[in-house]
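Chains as they are written, first to last, in this note's numbering: chain A, 31 to 605; chain B, 125 to 803.
Note that these hints are calculated values from the structure, not bench results. Accuracy of the hints is not assured; some may be wrong.
Unchecked claim - Derived coverage of chain A by chain B (criterion: at least 3 residues anywhere in the stretch with Cβ under 8 Å from a Cβ of chain B; other residues may be distant):
id, segment
1, 49-60
2, 98-108
3, 245-253
4, 258-269
5, 348-360
What the hints assert, rightly or not - 27 Å max Cα-Cα, derived DSS-like pairs, lysine-lysine:
id, chain 1, residue 1, chain 2, residue 2
6, B, 285, B, 495
7, B, 709, A, 244
8, A, 516, B, 386
Ideal placement from N, C-alpha and C gives every residue a C-beta, glycine not left out.
Each chain, written out:
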Amino acid sequence: MSGIGYQGKKSIPHLTSDRLLIKGGRIVNDDQSFYADVYVEDGLIKQVGENLIVPGGVKVVEADGRMVIPGGIDVNTCLQKTHLGVTPVDDFYQGTRAAVAGGTTMIIDHVNPQPGDSLLEAFEKWQEAADRKSCCDYSLHMDIPQWHEGVKEELDLLVQEKGINSFLVYMAYKDLYQMSDSQLYEAFSYLKELGAVVMVHAENGDLIAQEQSKILDMGITGPEGHPLSRPEELEAEAVYRAITLGNRVNCPVYITKVMSKSAADTIAQARKKGSVVFGEPITASLATDGSHYWSKNWAKAAAYVTSPPLSPDPTTPDHLHSLLACGDLQVVGSAHCAYSTSQKAIGKDNFTLIPEGTNGVEERMAFVWDKAVAMGKMDENQFVAVTSTSAAKIFNLYPRKGRIAVGSDADIVVWDPDRTRTITAKLQQSAQEYNIFEGMECRGAPFLVVSQGKIAYEKGKLHVQQGTGRFIPRKPFPDYSYQRVKTRDNMMGRQGVSRGMYDGPVYDVPATPKYITPAPSAKTSPTTHQPPPIRNLHQSNFSLSGAQFDDNIPRRSGHRIVAPPGGRSNITNLG
Amino acid sequence: MAERRLLQKDDDEGSLFSRLGTDSPKPRVKFGGMFCNVEGAYENKTLNFESFSPNTARKITRGRADCYSDTFSDSGSVRSDFSSISHTPNRPQPAASSQSQSIVHPTGPKRLHNARRESDRLIIKGGKIVNDDQSFYADIYIEDGFIKQIGENLIVPGGVKSVDAYGHIVIPGGIDVNTSLQAPHLGMNPADDFYHGTRAALAGGTTMIIDHVLPEPGSSLLAAYDQWRDIADVRSCCDYSLHMDITRWHEGLTEEVEALVKDKGVNSFLLFMAYKDKYQSSDSQIYEVFGLLRDMGAIAQVHAENGDIVEEEQKRILELGITGPEGHVLSHPEEVETEAVYRAITIAKQANCPLYITKVMSRQAADVIAKARKKGMVVFGEPIAASLAMDGSHYWSKNWAEAAAFVMSPPLSQDPSTPEYLNSLLACGDLQVTGSAHSTFSTAQKAVGKDNFTLIPEGTNGIEERMSVVWDKAVATGKMDENEFVAVTSTNAAKLFNLYPRKGRIAVGSDADLVIWNTKEARTFSAATHNLTVELNIFEGMECRGYPEVVISQGRIVLEGGQLNVTEGLGRFIPRKAFPDYVYKRIKARSRMADARGVPRGNYDGPVHDVISATKSMPSTPTTRGPPCPGKTVLAAGRNLHQSGFTLSGNQMDDHIPRRTAQRIVAPPGGRSNITSLS
């Protein structure tokens, strides 16, 4: 019954391993840890507890006191994103293999249509490729490359029928993907009504374009031009703006790829003020810094090119881990988008052409463990939260994913906190020649990975199979982010002041049509439904919006006592 | 003469003694007293004006007349009068040119024929002079529109008019950095033009304004400048200078901006981040303009509100059926202001350009500025009279006219604690100057927007009330001292806009723009008594301690005993030079430090992936690109502030070896700890 036999990449499906008992492990969820056994059947967790009664012949895995955690969810991968017509070397097969090897049992990939393409077609293309190749469960984010009226219908379809509830909009990539603030406002409003999570690539594209031409004019063409033209202020500024927009529209905002301290601080501050905003640092920003852009080795420097770039500040990873540990940042992605060196070399004479993306899908869980848990910043429960549970909650996969509980999917990792390994391109699953974490030592690694109830990784060996990954549809209005939004909507109705008609004289305005703000173009008028007017949270309690009988009496800002009890003071006597 | 002075003092003795010990610093006791100031002590402490002596200052005036004579007629005989006098050969040399600043030679009867000149000589006695750095008791002698002497027992010519300032403070005349006395809205000109506006300014103790030139989008900046100059030269009652608003940026304006900075004496330019499809500039445009202004040595001003969001919100509010003035404040939430301030600061940081935020109206926006300053940004914030005194509750007034009177952008904050907070930041230096953003429209003009709040012309009054508001809210409450008061109402503005020390300071050689400020009594603002033409005053009924007792502008008394005595057209245009030190010293140093450098590498000679003709998705790249050989990229060896100290930009022999971020000791001395030996 046990499906142990040596199984290579092209092995036949091992039907026998459907029933599985994980014994003697400590189950770690995001809320608590406890010792129990887990019994898995048909890809679902059937029993959790001690002294389970299970059918005979079940394969038993001895966890030996190791942690049993929900499989990781990588919320940000780009396994099929084209750049200048170039496709990443890690496709859905290579990418998900690497994911499983690192303890990640589900990925959410970005569908990246080109401007002008149909979103639905792109979605189908991605789904088809992933269904054929993916080795673990997956879901899809949709990037919106351009905002126009026609997109709305497709968005409706995607949310209602296709199971997509998260959409990425770009504030960067001028003249390509970038949206203006008005368009962002409309996109936010529309996505909010659909109940979707708005994801934002936050960088000020206008300024980047300016800086890029400045840097190129200075004669800097190497990869160091990339971080020079994208200083972290531009990231922080865009994050701030995205949050402002989110607050105005009252919709949840999710910032992808938090790369710098200032951007992370901006998010943390906004959360303190009550904004519904989530931040996603990635493997690269959590483990390394931007000093490598100045490497003399072009290929090495180019391997780090991603947007927003890694911060040259060497204290950034530490800071991001601290925020992750205290809950100011919520989820960890990898932004895995691997291009080979020859693909990166398209930009050898111009850094703006270097395809952007770094690896990280395989190393993600281990680095969070090494840099946050092993250092004592974070406990194991928070580790589960940031690598899996929070992502499942934000994107409405919970409790199917992200928890070890009866009825959940059997995506389970037995985590070995003590194993130390050195990251190197030679041993990785990714097809990339260069690993940006090359040579880094890392505590913590998966001991065993169970994906869909089957052992996918054991004793350093992968037992995965192309095309077994299922598409997991996600419903709109995830409670985790929309509960607050809905309540606030109910509270935020606005009321005008009922006044008599103004019947005084009205100045004659000479006909100067050029001074009147031009009517906006057709694409910028959302007919949004408005919540019923109840109460406005933005108004202060001091509002005079009710009828005040003394409104016509001018208000005195303060009463001054001219003759106070006890006589006037010396100072006032002076005059 | 000395005897007479003594006698006058004796008359004052009674009141003087009663004052002793009640005020600090000690008032000046009679001449010869034990604690009297050392004679001549202050002459040494006043600035050495050799570099900017009255002659220089006058040369500026004359120089302007010369270089602009083709463009502008020097309205009024004042200026030509001026220059001719100063260069009359038989006229004794004035103080500064003869080094000793304390002695002035009586000019004798030769100049008596000039009646107007005669009224120019004034002596202000017994007041406490308050500058931004110190306060002291001294008399001030004024002649020809300049401060000629400061000190005690001044020797002055006979027949000089004496102004009594006992018990009051003498401060430099206020500078209102933000007025719009001519900027039209929907083709309507403000109700208070340069005459009424500057008249009100003088009545409130402000002796100089800097007005915003607002050209129509797409029109010439120089033409608008000329138009403003023509009107202001004829109408203005006090000295003025001009900011230029850039309403629609395009490359063609570069030359005009250059001409304005170099020849026309304008060193500050305003960009709009709001008013979509009208004045709004995109981030790229703002960056470009900032870069240009930095090279020119000008100050970038920004009207900070996110116009995109405002417009969307306006549409939404109108759809909700809200058409009254409360819609204005609903559609301009504070966050939108804050966001734009943050963005403006980011762009300015990138362009390394000094930034000046006009009209700081909310706590959050002020906080963003304060924080950016803590990080070392060269950014300045200007709260206005309205935001320092009022909050936005009036937008909900049942009286449409009253609610509409408050309409301005950014709007007054709903939070009633805002004025107090802004005053605190002003007191601690996080905000630097106060303006009024005076732009008044009559109720009939405001009523253009009676059915649609977006059409209500924006602007409030405040030019007259500004100084009193700051005194009452900040100084009288103990947040600020009198020196800081002078700084925020006058000196900082003069420094920022390169008017210092001609304006903004009481010192020998400075312009004689002075205010004798009554700190003890209060008066009440009201539309019935104000000097404006509008029917409503947003400060109606507010009682304010502190008001000007006497106002002296260009050496002439314009307000005394409650009587305004102004002359239309007497105001001079004050040109401002580029690169104000107060702002640009840091910028210059940073420009030198901030050079980015490339890394010299060998050519990449590995395989290159074929790009399938995907030209459409190429990012817009600049036309001129550096040569592909990176060997040429080494620039002057400066230092790159963007790089961390850990940069590997130098030649590193071990670059090909992968970098280890940390070394872990596997077998530490003393044996492994329990935790690592678990497995």
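Here is how each hint holds up against the structure:
{"no.": "1", "hint": "49-60", "verdict": "violated (count 0)"}
{"no.": "2", "hint": "98-108", "verdict": "violated (count 0)"}
{"no.": "3", "hint": "245-253", "verdict": "holds (count 8)"}
{"no.": "4", "hint": "258-269", "verdict": "holds (count 6)"}
{"no.": "5", "hint": "348-360", "verdict": "violated (count 0)"}
{"no.": "6", "hint": "285(B) with 495(B)", "verdict": "violated (49 Å)"}
{"no.": "7", "hint": "709(B) with 244(A)", "verdict": "holds (24 Å)"}
{"no.": "8", "hint": "516(A) with 386(B)", "verdict": "violated (57 Å)"}
In terms of the numbered hints stated before, the structure departs from hints 1, 2, 5, 6 and 8, listed from lowest to highest.
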